[in-house]
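Q: With chain A fixed as given, assemble chains B and C onto it according to the hints.
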Amino acid sequence: MSQHVKKDEPALKAVARLLRGLLLGAAFLTPALALAAGPPTAEVNTTGLAVTDTTVTVGQLHSATGTMAISETGSIQAERLAIEQINEAGGILGRKIEIIQEDGASDWPTFAEKARKLLVNDKVAAVFGCWTSASRKAVLPVFEKENGMLYYPTFYEGLEESKNVIYTGQEATQQIIAGLDWLAKNKGAKTFYLIGSDYIWPRTSNKIARKHIENVLKGKVVGEDYFPLGHTQFGSLINKIKLKKPDAVYSIIVGGSNVSWWKQLKAAGVTADKQTILTISVTEDEILGIGGENMVGYYAAMKYFQSLDNENNKKFVEAFKAKYGKDAVIGDVTQAAYLGPWLWKAAVEKAGSFDVDKIAAASPDIELTTAPEGYVKIHKNHHLWSKLRIGEAQADGQYKVLYESELIEPNPFPEGYQ
Amino acid sequence: MNTKLKALWGGYGTVLVLAAVIFILLPLSLDLFRLNLVGKYLTYAFVAVGLVLCWGYGGILSLGQGVFFGLGGYCMAMFLKLEASDPESTKIQSTPGIPDFMDWNQLTELPGFWLPFKSFLFTLFAVPLVPGILAFIIAVAMFKRRVGGVYFAIMTQAFAAVLSILIIGQQGYTGGVNGITDLKTLHGWDIRTDEAKYLLYYINGALLIGVVLLGRFVIGSKFGKLLLALRDREERVRFSGYDVANFKVFIFCLAAMFSAVGGAMFTLQVGFMSPSFVGIVPSIEMVIFTAVGGRMSLVGAVYGSLLVNYGKSYFSETFPELWLFLMGGLFIAVVMLFPNGLAGLSNQWREWRDRRRPKAGGTVTPLTAPPAGATPPPAGKDPLPPVASVGGGR
Amino acid sequence: MDGMTLSEIGSLLVMQGFNGLSFFSVLLLMALGLAIIFGQMGVINMAHGEFLTIGAYTTYLLSVVATDYAPWFMNFYFIAAIFVGFIVAFIVGYLVEWSMIRHLYRRPLDSLLATWGLSLIMQQAFRSTFGPKEVSATLPDWLMGSYAPTDTIDIPLNGLFVMGLTLLLTGAVALLIFRSRWGLHVRATTQNRAMSGAVGIDTAKVDRLTFALGCGIAGVAGAAFTTIGSTGPTSGSLYIVDTFLVVVFGGAQSLLGTIASAFSIAQAQSTLEFFMTGSMAKVLTLLTIIGILMLRPEGLFRMRVRK
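Residue numbers (the numbering used here), protein chains in the order written: chain A, 905 to 1322; chain B, 4 to 397; chain C, 28 to 334.
No lab work stands behind these hints: they were computed from the structure.
Check each hint, because a few of them may be wrong.
Taking CB as the label site, the calculated pair distances span [unchecked claim]:
1. K1178(A) with I36(C): 14 to 22 Å
2. G1320(A) with L132(B): 42 to 50 Å
3. L216(B) with E1253(A): 57 to 65 Å
We put the CB at the ideal spot given by N, CA and C, even for glycine.
Chain A extracted, bound-state conformation (with noise of 0.2 Å):
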């Protein structure tokens, strides 16, 4: 019977296992070693971690089926885009990167065994992954536990801290406060219409808008929303929008829900001159679902957008069109993403080791000038020092860019406003 085979086969690779790790453990021995054009592999790996004299191998760790893929495709992209640039320039240490990718599936638990499998099995040196917070607080404890390294590439709520990750995405204070301040300054807004999907991340940073709205700005919310992942009727809120005729409306929801959402806006008559409305949950990638026609003249507050008329940028998209189409965009999470390797490259050559605890320690006032968004520096919380821009929507698809704050010092713990 088919069982018998199967019980078979992982005795046989057991034994596989321990005669390539005496070969490996054989080849660390020889003086042979000295040839490699960078530093010794036991020099910069004393941890046991999957580089050789050659290569080092990390993980790739994203939702490439399931709800998620949507979303975390961009990210899978700019990371590869990043890797083989790196590679192309000679690698980290003198070592080409190798890539180990595996499929999260859109399920946390999934993530969760993935990341484990990266680490204890391949123990690769460091992993770029995850998008939504469930996925990362599903691998969390065992980045921590195992003493991995996730670059984190996700705006997301704050509130968390780890030596065993960076997280390259904006964090709750940077994206929110600069952007209500300039709908105040800008637009006059006094009153504030707060809607989200019911989730962690949405109901965080409307936490925050409303501490900031109320007691920095002086104005008021008016109605604050939830709905359900994936909810697809949005007539209601709109008619209650038309009803509390707010100021602006700060919209934070995700996913599929964001189709059904403006375009039932835009069905019911409602349109950019006559309500102001500001997402940042609304990336270049979801208007290719939602349709540019459906959008323009709305605003949206990021780090980053495709437009963004800087040297870096060009190159980067003319890179990532180069390889994947002319009608590929890139959004705000798809930049972070693919900063990450570069973060890694800068900490491994600072740190002059592939060691996850002198990554950590070295990581901290890392700067990138050749960021498309521009400059980054990693603050000591291992967030990132970023600008926040505000964009207008247009029929193609694209953001004009308004507006360009200042670097914004990241706060996952705010004072004030839990």
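A: Structure of chains B and C alone, referenced to chain A:
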């Protein structure tokens, strides 16, 4: 003597082999990471064993077993989370001493229904009882009114959907879509160490064998025979004076409690619980494990869970682009070609062989007989003599 | 409601009432195909959501063709998309019945599992073909605006459109089932398969066409929903939970039940949403449905079938 031995072997041999596989073969041949994965798969096997009882034998297909698995897991997770949230380690929160996600949702004190979960004893009872009671309520409401078949299946699915939306929506109380994460210790015993993982694996295996034996006992008893009878001819059993609904309620609750134990063991071994288990998708996947292993075979269900999950991990690691095709294809193939799963393969082969040379074998299976374990034909269809044969792996 | 005139409140009531009706037609449209298949053959098609997606992608493809090759077609392609969506989904449904479902009629629970496997395959097929990202069909302007009879009332045109489509389709299905010869066969087969076969009805053909029809209607729904929702590999699954609830709550075997259930769920939810957050509204609606189902597990309406 020989026949006696044979009978004994036929009775417990397969269970012994399973025990040997779980306790000796797998731990010896796998590293800790893979073993821990197998431990996770084995927690699904609790659900699959329960499904053999209520689906294979009772003819009740539940597409909401994830609800019970999840509730069992949540009960355990609540206890562990409270232990992990002592005032010392949560002192950066605005309200120390409550779970972190409550603090993020502006809760300032522990909700009442969390309080009893400070007691381990209560938790141990709650793990099977909370899902058991829910199953009882659902089952009584449905079976007393003679709701069954496909309709019951989609009802359970609706329950799964509702419960997962409820859990996700009430994040201040349940942890929302993130679930309850970052569980650390059980009575001060760190469940994340290697030793703990080995120990939990063995506890899990022992419980699973216990559940299989309990299932065998139920099937072997008079009750088991009645169950089969009412699956194939519910009306006749009813006319014979039995209260059919009570049997169904019992077996459904039993299956629910099995699932709950699996859920609790999942939480312990994986270190968190998330609402993604409560929804429709995992519930259906668990039915597939049973179908692959053989819906009439308790032991087969365990192998089925192992095989499908192993396949899932293997395919998704090796062919990330293709694995959904392979999984989908597997589901269809099992249902259409091997309705009795792995455990029924030998029988199926024998049937096929006998059909090929009808003269050689004395017993000719009628060509038109439905496959063993088929659910009864829907109302109005011409009834054929039911085949209540039992799969090989029993 | 400070600062609101009476007429403004009146307008809101009108719009909110319309909103409930349009949600009702959405629910009914998506449940119709499932209800027909289930009512007729006791088979639950778990891949129903993916047949919706077929319709949605068909619309997208046609919109690409229209924008790139035939701009004159832009204003009308959507109507064509609905027909094409129906045909494509109908054909796929026909093939699925022929290759899978018909072998499983004796095992309705198994057909449920097999269609689940099918839905996995279809989702991955969409992903491999169209990419994992969502796409957007450019919709003609006449569909995406609003109709404003007064200054304060805006009636969404896509809502009107879906409503009209639902009305038309439900009417057609009702006619087909209760007035046509084919419908007679369908009903006869539902009530007593053996006898229907005995009097010369080709029950296998009836089944195949019914299944294909149910899938075709899902395709139409999918095409129509591009006006209000997303188009991606898993878009269909956004609707599937609601769809099941509507069918279960309505009492699975009756068209009238499905209509009544879609209506009550839609009205309850859209009214509640107006007074509380969307999440709470959904939870309350679901709990009420569960409560009622506990007391009346057979659903709102139940067709009498000879057992």
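Q: Now, for every hint given, state plainly whether the structure supports it.
A: Status of the hints after comparison with the structure:
1. K1178(A) with I36(C): 14 to 22 Å: This hint holds: roughly 19 Å between Cβ atoms.
2. G1320(A) with L132(B): 42 to 50 Å: 44 Å Cβ-Cβ, so the 42 to 50 Å window holds.
3. L216(B) with E1253(A): 57 to 65 Å: Since L216(B) and E1253(A) have Cβ atoms about 60 Å apart, the given range 57 to 65 Å holds.
Taken one by one, the earlier hints all hold for this structure without exception.
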